[in-house]
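Number of protein chains: 2
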Amino acid sequence: MLHKSIPNNAKLVFKGVIFEVWQWQQKMYDGTFATFERLKRPDTAIVISVVKDKIIILAQEQPDVPDPFTSLPGGRCNSKENPLDAAKRELLEETGYESNDWTLWNEQNPVGKIDWTIYTYIAKDCIHKQPQKLDSGEKIKTELISFDEFLNLATDKRFSEKELGIQLFKARIDKKAKQELYDQIFS
Amino acid sequence: MLHKSIPNNAKLVFKGVIFEVWQWQQKMYDGTFATFERLKRPDTAIVISVVKDKIIILAQEQPDVPDPFTSLPGGRCNSKENPLDAAKRELLEETGYESNDWTLWNEQNPVGKIDWTIYTYIAKDCIHKQPQKLDSGEKIKTELISFDEFLNLATDKRFSEKELGIQLFKARIDKKAKQELYDQIFS
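Here the protein sequences line up with chains A and B, keeping their order. For reference, each letter of the first sequence is one residue, going 1 to 187 in the numbering used here. For reference, each letter of the second sequence is one residue, going 1 to 187 in the numbering used here.
Please keep in mind that the hints were generated in silico from the structure rather than gathered at the bench. Mixed in with the good hints, there may be bad ones.
[To be verified] Far from chain B by the CB rule (all over 10 Å, computed), these chain A residues:
1. THR32
2. PHE36
3. GLU37
4. PRO63
5. SER146
[Claimed, not checked] Only pairs whose alpha carbons sit at most 30 Å apart, straight line, appear in this in silico DSS-like list of lysine-lysine:
6. A/LYS113 - B/LYS175
7. A/LYS27 - B/LYS176
8. A/LYS11 - B/LYS157
9. B/LYS88 - A/LYS113
10. B/LYS113 - A/LYS88
11. B/LYS139 - A/LYS139
12. A/LYS11 - B/LYS139
13. A/LYS11 - A/LYS54
14. B/LYS11 - A/LYS157
15. B/LYS11 - A/LYS27
16. B/LYS15 - A/LYS11
17. A/LYS15 - B/LYS88
18. A/LYS80 - B/LYS80
19. B/LYS15 - A/LYS113
The C-beta atom is built at its ideal place from N, Cα and C for all residues, glycine as well.
Hey, can you work out the whole structure from these sequences and the hints?
This is the structure:
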């Protein structure tokens, strides 16, 4: 993605619960200046977590979302938390599973005007350690799905990880890409 | 996409140049309340514009973006401007072309926490009417590319319309999907 970072001379003009709004005076091509604006939000860490030949997905409800939806485990990085630690914490909280084998698989900036990276990890050999620890804004059921079911999520409207769409879709319809992704996740 | 709209009881807490920040008190599953936040930005209208057997794309530079990038013609809807009018205006301003044959091809909400729709139109039989009218923050060269070159943009990192990636990619590797898209654009 075209990552448009926030320049050093930008000023924080609003700090919300999730989003920060930054503005600066940008010199234009004719020498005039205009106020430019960009946002910052905490990075996101999500996990393709492997239990034998299956992948954990979540059937989720949230209090402000009318219908249930499907996602991978994951969530926002806390302040000063690195994305790998966030991925481990979210996996444990949302599913009760842990892993000792982590790989960063994908890193994306989905929106040009927002300083926001989504890190996707593969966590192999996950083991169930403890019950879920959900907060008051979460209703989450974990499910184990096959690799083919996982690839089918590429075009599922209720699947929230849209940024993974192309890679999953490619693996769904191209044999070589499918084998490569299978090896990355399961081997 | 999972479109999470801004609820009626939300309050505007910040209005920037592009983004508005809205907040509300959300009742959680345990009966407590938490401040929830969502953004609003002007909708975007983009255009697949057809000149004979070619499609117009833009080689763009912007004053705050380090490298040139590729996009379709299009831009933000002005206040109270409907997306079709915005698409027509942007096509004329950025390319100098006009069309009398418009179809809405795609409508997407790319980010869950932002009230923001991207409308993609097909404009057939485009005719060159006048020179570009660029503003002081735009450097744009128009280019005419073939259908195959257009499909290749699906995985081009410098192509800004990421939300069209899956559809273009599907057409690139699936014969039936390719013919369908070709017919939609050129027939």
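A quick look at each hint next to the structure:
1. THR32: violated, 6 Å
2. PHE36: About 6 Å separates A/PHE36 from the closest Cβ of chain B, which leaves it inside 10 Å; violated.
3. GLU37: violated, 4 Å
4. PRO63: violated, 6 Å
5. SER146: Fine: 22 Å to the nearest Cβ keeps A/SER146 off the interface.
6. A/LYS113 - B/LYS175: Judged against 30 Å, a Cα distance of about 35 Å means the pair is violated.
7. A/LYS27 - B/LYS176: violated, 48 Å
8. A/LYS11 - B/LYS157: OK: A/LYS11 and B/LYS157 at ~29 Å, within 30 Å.
9. B/LYS88 - A/LYS113: holds, 24 Å
10. B/LYS113 - A/LYS88: holds, 24 Å
11. B/LYS139 - A/LYS139: Violated, because 48 Å separates the two Cα atoms, which is more than 30 Å.
12. A/LYS11 - B/LYS139: Roughly 26 Å between the alpha carbons, so the hint for A/LYS11 and B/LYS139 holds.
13. A/LYS11 - A/LYS54: violated, 46 Å
14. B/LYS11 - A/LYS157: holds, 29 Å
15. B/LYS11 - A/LYS27: Measuring from Cα to Cα gives roughly 33 Å; hence the hint is violated.
16. B/LYS15 - A/LYS11: holds, 15 Å
17. A/LYS15 - B/LYS88: Answer violated: A/LYS15 to B/LYS88 is near 36 Å, above 30 Å.
18. A/LYS80 - B/LYS80: Measuring from Cα to Cα gives roughly 41 Å; hence the hint is violated.
19. B/LYS15 - A/LYS113: holds, 16 Å
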